[in-house]
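Q: So you can see what is in the structure, the chains are spelled out below.
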Amino acid sequence: MLELKGICVSFDGKEVLRDCNLTLPEGGRVALMGPSGCGKSTLLRVALGLQKPDAGTVSGRPGRTAAVFQEPRLLPWRTAEENVNLVLSDNASTLPNARKWLGRVELEEAAGLYPAELSGGMQQRVSLARALAFRPELLVLDEPFKAMDDALCQRMLCMVGEQLAGVSLLMATHSEEEARRLGCRILRYRDGAFFETGD
Amino acid sequence: MKRARLRKILIPLAVALFWLGLWELLSLLVGQELLLPSPLQVLRKLYQLAGTAAFWSQTAHSILRVLTGLVSAAVLGLLLAFASHRSKPVRALLSPIMTLVKSTPVASFIVLALVWLGRDVVPVIITGLMVLPVVWANVTEGLAGIDPQLLELAQVYGLPRARLRRRIVLPSVLPSFRAALSSALGLGWKAGIAAEVLTVPRKSIGRMIFESKQYLETTELFAWTVTVILLSLVIERLLLRMVSRIGRRREASHA
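From first to last, the protein sequence lines stand for chains A and B.
Anchor point for the first sequence: position 123 equals 123 in the working numbering, and the numbering is continuous, going up by one each time.
Anchor point for the second sequence: position 237 equals 237 in the working numbering, and the numbering is continuous, going up by one each time.
Treat the hints as calculated values from the structure; they're not laboratory data.
Ideal placement from N, C-alpha and C gives every residue a C-beta, glycine not left out.
There could be a bad hint or two in this list.
As the list claims (entries may be wrong) - Listed next, with one range per pair, are the computed distances between beta-carbon atoms:
1. Gln-149(B) / Arg-181(A): 39 to 49 Å
2. Pro-105(B) / Ser-10(A): 27 to 37 Å
3. Gly-112(A) / Leu-78(B): 48 to 58 Å
4. Leu-43(B) / Ala-116(A): 26 to 36 Å
5. Gly-21(B) / Glu-109(A): 25 to 35 Å
6. Leu-100(B) / Ala-92(A): 39 to 49 Å
7. Arg-86(B) / Glu-15(A): 28 to 38 Å
8. Gly-112(A) / Val-243(B): 48 to 58 Å
9. Thr-99(B) / Glu-15(A): 18 to 28 Å
10. Pro-12(B) / Ser-10(A): 38 to 48 Å
11. Arg-237(B) / Lys-100(A): 26 to 36 Å
12. Arg-241(B) / Glu-109(A): 58 to 68 Å
13. Glu-15(A) / Pro-89(B): 54 to 64 Å
14. Leu-164(A) / Arg-86(B): 51 to 61 Å
Stated by the list, open to error - Stretch by stretch, here's where chain A covers chain B in the computed footprint (C-beta under 8 Å, at least three residues):
15. 81-94
16. 140-154
Said to hold, decoys possible - Partial pick of chain A residues on the chain B-facing surface, computed with a CB cut under 7 Å:
17. Leu-48
18. Ala-67
19. Arg-73
20. Leu-86
21. Val-87
22. Leu-88
23. Asp-90
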């Protein structure tokens, strides 16, 4: 069980998170909602171990963690399929598997293209394919669908939902619909922390 | 398309012809081969030299010396750059030495090296000293410039160290390494030959340049200088191509 206790983070003296607590049981799903810049991404970064909190503790982070950041974070010198393969192995034997995951995000035909040849939304889908192909125990999504049109977003939500059996999900989103479609417990921002509102 | 390609060939050709023409004109005005031989006289001399076994032997020895210095310094520069990236004290320790090496006149190094070392080794060391700080500085900068977002990605997915190095670190650093080699090679090659001129190893282009000057063989001096320039261009192209190919092959073999 992932547990964040009493997390405090400030940047240049400005407090972003104050005594923030979060519990994510194995297989649980939590969505963080709140205005831009309120600290959703910061809390995700703390959960991923990328941001050291000023105070508080993180425990129970599973060994296999995957993330889709707000930026696609693809290697510009590797093709789409090689970017997915990056997290699978260091050889070509897993490329068919990488291609299969690209197929699931409707990018089979772009497998051999480089990130610079893909649109922002396509790059984000490669990043999503990479995260799902990793078969994580914890999946962290930071507004992963924001560069996609409505119809595509619906299809991607459906596909991600199908892959979540047994996977813990922690996501940041502005869309309550996305959170509900993925079966997330919604925590809303208030005074430096995230709380369940019960609505 | 065809026109553009034609222009790409014709413009450099016209530029070269212009400068060769000017050289020819000046040599006609001077009218003495001893002071300024014409391009044709130099070419004829070069053709004559290239027909002798000694020419190839001298050239091969010089190439070997410069390449030894260059490759050793490039490898050492790479290793020291990685060490400096990992450890701040190492960087603090190396930084003034590299600045010192870069700003010390080549002639001082040549004379000092001649006092301490054998004449055959001096050009190797001098070439190395010219290349080392450039490779070190460029690669250190390249390592510092690796996209932190990609390093975070590797951290989240727990990429093994070898994969991180092969997939993220090396491709990020390769352009800096290529740029370093490109600028250091000309420098190293010129300094190596200059060291040969001053130390006159038994078989070397430097010795031939030195002897041409001693015996006032200006045309031969020009011919050897042209050889040095041509070799510098060829070696630079070959080495850079090799570095790119090694980078690509490493990538391909682990795709």
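Q: Would you list, in rising numerical order, the hints stated earlier that this structure does not obey?
A: Failing hints, ascending: 1, 2, 3, 4, 5, 8, 9, 10, 11, 12, 13, 14, 15, 22.
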